[in-house]
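S.K.: Given only the sequences and the hints, what does the whole structure look like? Please build it.
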Amino acid sequence: MMRLAGKTALVTGGRQGIGRGIVDAFIFEGATVSTCGRDPRPDDLPETCNWHQTDVAKPADVELLASAMGACDVVVNNAGVQVEKTVAGSSDEDWDLVMGVNARGVFNVCRAFLPRMSAGGSIINIGSISGNVADPSMALYNASKAFVHGLTRSIAVDHGPAIRCNAICPGWIETGMLDAGFDLADDPVKAKTEALLRHPARRFGKPEDIASIAVWLASDESSFATGQFFTVDGGLTAASPLQPGLS
Amino acid sequence: MSGRIEGKTALVTGGAGGIGWAICKRFSAEGANVICADITAPGDFPPKNVEHRSLDIADEDAVRSAFARLGAEWDSLDILVNAAGIEIEKTIEDTTLDEWNRSFAVNVTGTFLCSKFALPMLRKGNGSSIINFGSYDGFIADPGLAAYCATKGAVHALTRAMACDHGPEGIRVNAICPGYVDTPMLQSFFEGDGSGGGGKSLDDLQQAVRDVHPMRTYGTPDDVANLVLWLASDEARYASGQLWVLDGGLSAQVQQMKL
Numbered sequence: 087m088m089r090l091a092g093k094t095a096l097v098t099g100g101r102q103g104i105g106r107g108i109v110d111a112f113i114f115e116g117a118t119v120s121t122c123g124r125d126p127r128p129d130d131l132p133e134t135c136n137w138h139q140t141d142v143a144k145p146a147d148v149e150l151l152a153s154a155m156g157a158c159d160v161v162v163n164n165a166g167v168q169v170e171k172t173v174a175g176s177s178d179e180d181w182d183l184v185m186g187v188n189a190r191g192v193f194n195v196c197r198a199f200l201p202r203m204s205a206g207g208s209i210i211n212i213g214s215i216s217g218n219v220a221d222p223s224m225a226l227y228n229a230s231k232a233f234v235h236g237l238t239r240s241i242a243v244d245h246g247p248a249i250r251c252n253a254i255c256p257g258w259i260e261t262g263m264l265d266a267g268f269d270l271a272d273d274p275v276k277a278k279t280e281a282l283l284r285h286p287a288r289r290f291g292k293p294e295d296i297a298s299i300a301v302w303l304a305s306d307e308s309s310f311a312t313g314q315f316f317t318v319d320g321g322l323t324a325a326s327p328l329q330p331g332l333s
Numbered sequence: 101m102s103g104r105i106e107g108k109t110a111l112v113t114g115g116a117g118g119i120g121w122a123i124c125k126r127f128s129a130e131g132a133n134v135i136c137a138d139i140t141a142p143g144d145f146p147p148k149n150v151e152h153r154s155l156d157i158a159d160e161d162a163v164r165s166a167f168a169r170l171g172a173e174w175d176s177l178d179i180l181v182n183a184a185g186i187e188i189e190k191t192i193e194d195t196t197l198d199e200w201n202r203s204f205a206v207n208v209t210g211t212f213l214c215s216k217f218a219l220p221m222l223r224k225g226n227g228s229s230i231i232n233f234g235s236y237d238g239f240i241a242d243p244g245l246a247a248y249c250a251t252k253g254a255v256h257a258l259t260r261a262m263a264c265d266h267g268p269e270g271i272r273v274n275a276i277c278p279g280y281v282d283t284p285m286l287q288s289f290f291e292g293d294g295s296g297g298g299g300k301s302l303d304d305l306q307q308a309v310r311d312v313h314p315m316r317t318y319g320t321p322d323d324v325a326n327l328v329l330w331l332a333s334d335e336a337r338y339a340s341g342q343l344w345v346l347d348g349g350l351s352a353q354v355q356q357m358k359l
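Chains as they are written, first to last, in my numbering: chain A, 87 to 333; chain B, 101 to 359.
Just so you know, not all the hints are guaranteed correct.
Now the stretches of chain A that chain B is said to cover, found in silico as 3 or more residues with beta-carbon under 8 Å [said to hold, decoys possible]:
| no. | stretch |
| --- | --- |
| 1 | 159-166 |
| 2 | 217-226 |
| 3 | 239-247 |
| 4 | 319-330 |
Non-contacting residues of chain B with respect to chain A, defined by C-beta distances greater than 12 Å in every case (computed) [claimed, not checked]:
| no. | residue |
| --- | --- |
| 5 | P147 |
| 6 | N201 |
| 7 | P243 |
Since the hints were made in silico from the structure, they are not lab data.
Where is the CB? At the ideal position from N, CA and C, for every residue including glycine.
M.R.: Given below as structure tokens:
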């Protein structure tokens, strides 16, 4: 039996990476799925998936999206951007971009969709291990994910029991954003090799590793789960940052 | 259609208890072969491919023999669920050393021993997964449960350590941390008035506790079994070293002030 049969879902930022992994998994499990992004519809999006050209940072865009979709059972706030800078190096434009999408975007979508969600609905926010522990030179990104974690708890407390709200905290997942991080290193190849040795799983995650917990949180199997963080990181944050033998 | 853990082998300690039995049934329904290891026998007739074996997890010789026997029967073990646990409903002042030691013997040493002796079989497993039972009490305290809270904190730390040490061998280790789940253990907690019920009747006390949950209810053993199934399956193949709180939102909030 398909685990999301009969459910309608929105996944923001489903063009690529983790978002696309979630879109594909939700469709496979029988959901009716819509996704959105700032660009026109990607050519390789599955035919059954609806596309909305939406900038989640803009409240008017999000209100249009919500009106177009109407009732919704599952909302996944996945859309996110990162800027690889310290606080001292960040500009006002960096703040507007990162906080606009990662923080205000999640708020905009939750505010617009909460009144349209049916009882038993599930909001899934993509937080990050970086909301709990700092990735170097990712100051605004780290802070934006901590915002997502705080908002997740608030929605769970304020809108339960009708609506559940949880966050998934991915570790290092093989996406374009991960490669952008390694490109910052003096020796990207060495950095990648050592990063793998820091993972008890000895590999990076894949979008489908995150999609599988998103399916669980979207399904009625998780009906007692709310206000919590579901970290999927190959064991990275279970271990101390001090690893003798690694630089 | 095949199940989500079709053909996998599993051992569930405390398998005859409220949550353990729900896990055994769920694993069976999803296609696994299950040993329900418990010092007491289950109250119900076991479902397909579930076999009860008596085991005191705090007894090193008994645990060693149990896994030696299992190793002669099965080539490998894919899933170990350390669900057995006990709860002493007392403050430290009222807890005897025997009660303290017994709490650690079952909740911590039992988890250690079963994991230790299962490792050789888990290394041969396919996508092997250990699921320990922590508790939301390992993060925040319920009144009058001092030894229990301490044992669950120890299980959380042990979970992370095992995940780091044995991840490279292909073994994932996680802990599930339930909040209030409707089991005989919870009923005993209420009847002992360990939560400081302030003279409330049992019904009023239970309703008050439900009302504090954002989900306005307790969990059921099936709720817990659903997450254990996910962690046991290959769907969770990148999840390790984490503490999975399942508490209806209880610990997402600050204590409810009556303003």
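S.K.: Determine which of the earlier numbered hints do not hold for this structure and return their numbers in increasing order.
M.R.: Hints 1, 2 are the ones this structure does not satisfy, whereas the remaining hints hold.
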